[in-house]
Amino acid sequence: MSGVSAQELETRLLRFVNDHLLPEGVEPVDASTPLFAGGRINSLRLLNLLAFVERTLDTEIPEEEIVMDRFHSVRRISEAFGRGA
Amino acid sequence: MPEETRRAPVPGEIEAALDRRFTRLAADHEAVALDPPYPLSRDFLDRVEFFTSFPRRALSAGRTGSFLPPATCYRLFQALQGSGLEAPVVATLTGPCFRREPRYDEARRQAFTMREAVFVAGQDRVTELRDALSDASLSLANELGLEARLVEAEDAFFAEPGRAKRLLQRLLRLKVELVAPVAGAPLAIASFNLHQDFFGTRLDITVGGHTAWSGCGAWGLERWRLALEERWGPDHRRWPEAVAGVLSV
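For the protein sequence lines, the chains are A and B, in the order given.
According to the working numbering, the first sequence holds residues 2 to 86 in order.
According to the working numbering, the second sequence holds residues -5 to 243 in order.
If you are wondering where the hints come from, they were derived from the structure by calculation, not from laboratory data.
Treat the hints loosely; a few may be bogus.
[Claimed, not checked] Below 16 Å or equal to it, Euclidean Cα-Cα: the simulated EDC-like pairs (lysine to aspartate or glutamate) are:
#1 159/B - 64/A
#2 159/B - 146/B
#3 159/B - 65/A
Take the sequences, apply the hints, and build the full model.
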């Protein structure tokens, strides 16, 4: 669905999450860390995450494709929405 | 109990019986009974963005800068402002709630009573309690013979309307409602909410040194009575014994 490969999306997303999204003092995540546990992601951060994914893909993801199963981790997001998924 | 030996219903009696049942349900989920003070200050409602989220809904308590609670749990959050809690708080409280609405009817009143269970803890515990309480409430509704179901609501109280709000609800299930038929249409008789760190951040509440997450379950007493009357009729002496037995009326 996009010109960005799953691998490229994973790399960029992981950098964004660890450098900009997570609150201070929270351990960095890896690609398979569950994002929605331990208080890492609140509503505002989730919206920022979605915005980053859509900006990177240069497309608005249809609402029906935005389900929790596809946002479990950085890897899952990349596989769901990156090219070659 | 045979019908003829049951007392005639007294106004408010069913609500009181329901409240006892909800209190027990909350206690079964570790909640301790609290009665935080009224009223709410303007500063508190500002901090939790009430005036932004619900313009002109708050009713003044008659003194400048003082308001009647629009939701029961606000009294607890006001009391917890600035608290560094060593352990989670799981509490139940009740009281009248007041809201200015564009229109009123029997199911949407200016004043109504809400029993709540409120969880102030870490994310996982809050989510676990919210889900357990919504399941237990559905079971209770079924025991009472109500054709109730849990549905995902789209109006989590703190998000702006529109796509963002829909997506948050879709992903995070911030608000689940228990609905039952009243006047032929589904009416929310309870809601089960995840606030995430909304109150913890704005009110500077921590648990074990971390910003508190919170959630609540809220039962509308008058709405449960309406749902029961819709199902079984206005006179509780004619309700099935099993149903009356659940409420001890």
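Comparing the hints with the structure gives:
| no. | hint | result |
| --- | --- | --- |
| 1 | 159/B - 64/A | holds, 11 Å |
| 2 | 159/B - 146/B | holds, 12 Å |
| 3 | 159/B - 65/A | holds, 14 Å |
In terms of the numbered hints stated before, the structure departs from none.
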